[in-house]
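**Student:** Heads up: the sequence shown begins at 1 in the UniProt record's numbering, then just goes up one per residue.
Please keep in mind that the hints were generated in silico from the structure rather than gathered at the bench. Accuracy of the hints is not assured; some may be wrong.
What the hints assert, rightly or not - Label-pair distances were calculated between CB atoms; the ranges are:
| hint | residue 1 | residue 2 | range |
| --- | --- | --- | --- |
| 1 | R117 | F599 | 40 to 46 Å |
| 2 | K319 | S372 | 25 to 31 Å |
| 3 | R591 | L406 | 49 to 55 Å |
| 4 | N230 | N382 | 41 to 47 Å |
| 5 | L277 | H393 | 41 to 47 Å |
Glycine included, C-beta positions come from ideal geometry on N, C-alpha and C.
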Amino acid sequence: MSSYNTLPLHETLNLYVSPTAYVFEPASSSSPTHGFDGPAFVNEKDSRESLYVDRRTGRMSLNESSQIPFGKEKVITCYGIIGTLSLATTDFLLIITSRTPSCRLLSQPIYLATDFRLLPLSPLSTSSTILDHPVEKELISLVEQGLKSGRLWFSYGWDLTNSLQRQNELSQDGEKKNWPLWKKSDERFFWNRYLMGKMIDLTENGGVDLSRFILPVMYGSVELRSTTLNSRDLLFLLISRRSRHRAGTRYFSRGLNSQGHVSNFNETEQIVLFDPLPENGNSNSSRKGRVDGRERLSFVQTRGSVPLFWAEVNNLRYKPDLQIMDYTETPNALSTHLHSMIDLYGDVHLVNLVNQKGHEQPVKEAFERYMSLVKSSDSRINEKAHYLYFDFHHECRKLRFDKIQLLIDRLEPELAKMGWFHSTNPGSSQYGNSHHTTSDNGENASVISRQQGVIRTNCMDCLDRTNVAQSALGRWALNRQLRTVGIINIKERVEDHEEFMTMFRHVWADHGDTVSRAYAGTGALKADYTRTGKRSKEGMLEDGYKSVMRYIRNNFFDGDRQDAFDILTGAWVAKRGGIPPLTDTRPLLMRAMPYILAFALTMILAAVTLPRTSELSIYSFLFLWVFLAFFSGSYIWGNGTSYVSWPRLNPPLEVLSWNGPGARSIARGRGLSLANVIPIFNKKNAAGNTSGGIGGRPAVYKMEEVELGKRKGALID
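Put together the whole structure using the sequences plus the hints.
**Tutor:** As C-alpha cells, then:
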C-alpha cells in the first residue's frame, strides 16, 4: 500500500458480539491529535469507521455505515486489539478489556494493559465446548499466564518501541514520517507483531487499511518521575524494551539462534526532559512543577545473552549443567548479531561480566575465541565491535559493589566518544509520534548531539550484575548530560543531591526487578545496592530468599512460562489435528517416586513425634521408611531431568542430544536405574551393562528424547 490512514488510533471501542460477527465501533465521537498549541480534535462523523469480523469466514473489513448486526448478544468495551491467535480448534481475537493509566509523556497517556479477553472466531466454539477440549483448555491457560505475568504497555500516540533518537530519524525521513504508528514501530520491541500479522497483511496487501486498529504493545517497564535538581524541574524517565525475538525464561532460552537473535535482549533508555530557562534567567514561578519537555536528553544501553550457541540443562541441581555447542554456523550467527547491532547503534562495546574461573569460565573463553575469529575475518566488525572483559565478582568481592567504578573508568574514553542524544523543540511539548499534524512530528526539532554507539552488557543471566553495571553507566551519563546543559556545575555530581539520588536508585531498582521477573521469575538480586547504594545483611538475606524462589520456579514452573512465550511470539504455531491429547507417558515407577518420598518423610516425622510402645518397634519402623526415603530420593536425584518442568511445545531435545564439539560440564541427573540405587542389582547386571555408570551417553539421550515434553502430556506436533 502506497499510503496509509494516519488518523488517530481508536482509543475506546464498543465490541458488538453476535453469532455471525464481531463489530468494533469507536466509542467516542471525536479523537484528539496533539500539536504545538495543545490537542486538536478530528470529527469522527467524517472519519468514523468500524471493523467488521465475519465469524463464519474470518474475513475482516471496514464497515463505513457502522451497521450493528442483528441478534447481537452483548456489548464489550475494549481498549485495543492485540491480534489474532490460532490454537487447537479455532482462531481467536485477543483484546484488551482493562487498562491502568501509568503516566503522561509529553501529553500522551501511557497505559499498562491489565486484563484481556480471548474471543473465538468460530460460532461453534462456545465457552463450554472450549473448556471441554483438554488441549484447547490447556493452551488457553498458557496464553492467560503469558499475558497476565507480563508487563504490557501501550500508547495511542507515543511510540514506546523507539528511542528518541530513532523517532527523530524517522521524522526526518520524507517517506517514513507519514507512516502510521504501527509502521514506524521497531519490530524487535513490537511485542504483538506476530499476533498482528493478519491485520498488517490485510493493510499492506489486502486493500483494507486497518491502521487505526493496529495497536503496538511493548513488553517491559516505564518509570516516569517528576523531580527537582538545583531548583530546576525535571522529568526522569526509564524505559526498558524487551525483544520479542528468542523470548523465554532463564534456563530454557540462552545464547543466540541462526538469525542472530539473542535471549533476554533488552534495550534501556534513560530520558531527562526539562525546559530551558527564560531569557532573563529566572524560572517562572507560575509554571512551577510543570515540564513541557522542550529540551530532551537520552542515553541508550542494551543487554543480551552471550551470543553463542550454549545452554544450561536443568537437573534439580542448584547449578545446572553447562553446555557450549560449537556449531559450524556460530561465526555467521555471531556476525549477523554484531552487524545488526552496528547498523542500529553504531559502535558496539560488548562488556562481559562473567567469572573467569569455575562454572562460567568456558563461556568467557568461548566468547573471546569467537570474537577474535569474527574480528579477524570481518573488517567492519573489527572496526566497530569492541570487546571488554570485567570480572565483576572478583573486582567487587567482599560486597564492594562501589568498585564498579573501575569499569566506568575503563569505558570512559569510549563513553565520551559515543555521547548521547540531545535535542531541543522550541515552543512544543510534543515529539514525533502524534503523526496526525504537520507541525508536531519532530521536523522542527533541533538536534544538538546524537549517540554514536552503545554499551552491550552481559553476565550469565544478564540480570543482577548487569543491573549494577547499567545503573552505574546511567549515573555517569546523567552527570555528563546535566553538566553540559548547565543544571549542575562542573565540580558537582548528582550523587551530591540525596533526594534526587534516592529517586534515581529506586527507578533503576524497579527497572531491574521488572527485567528479572520476566526472565527469572523473581526480582533482581543485589537490588539493595541498586536501591540504596550500599550492600547490607538484610539485602543478602533477601537475595537468599530470591535465589531459593528462582530455583523452585526455574525447575518446576518455567516450562509453562516458556510455552506461553512461544505461543504469543509465534515460536510455536498450532496445527489443527496435529496435537496429541495431554497425557503423562513417563513410566509408572518414575511418576510414583515423588509420592513415595513424600509418604516416607511423613512416616518418619510421625515416628519421631508420635507416642510409641517400644524402642524395638520404632527402630524397625524407622529403618523401613528411611530406606524408602533414601531409595526414592536417590532415584529422583539421579533422574533429575525427568522431574523438571520442561517446555512442552518446543522442548530442547537438540540441546540434550548434542554430542558434538564444544565444552560441557559432567552430565548429571540424566538417568539412574535400580542398579545404581541398590548395589545388589548392579552385581546381577554388571556383565550386561556396558554403558558405564549413571547412564552412558547414548542411552541417556535416547531416554530424554522419549520423555522430554511429555511431562503432564505432550503438545508437540
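**Student:** Does each hint fit the structure? Answer for all of them.
**Tutor:** Here is what the structure says about each hint:
| no. | hint | result |
| --- | --- | --- |
| 1 | R117 to F599: 40 to 46 Å | 43 Å, holds |
| 2 | K319 to S372: 25 to 31 Å | 28 Å, holds |
| 3 | R591 to L406: 49 to 55 Å | 52 Å, holds |
| 4 | N230 to N382: 41 to 47 Å | 44 Å, holds |
| 5 | L277 to H393: 41 to 47 Å | 46 Å, holds |
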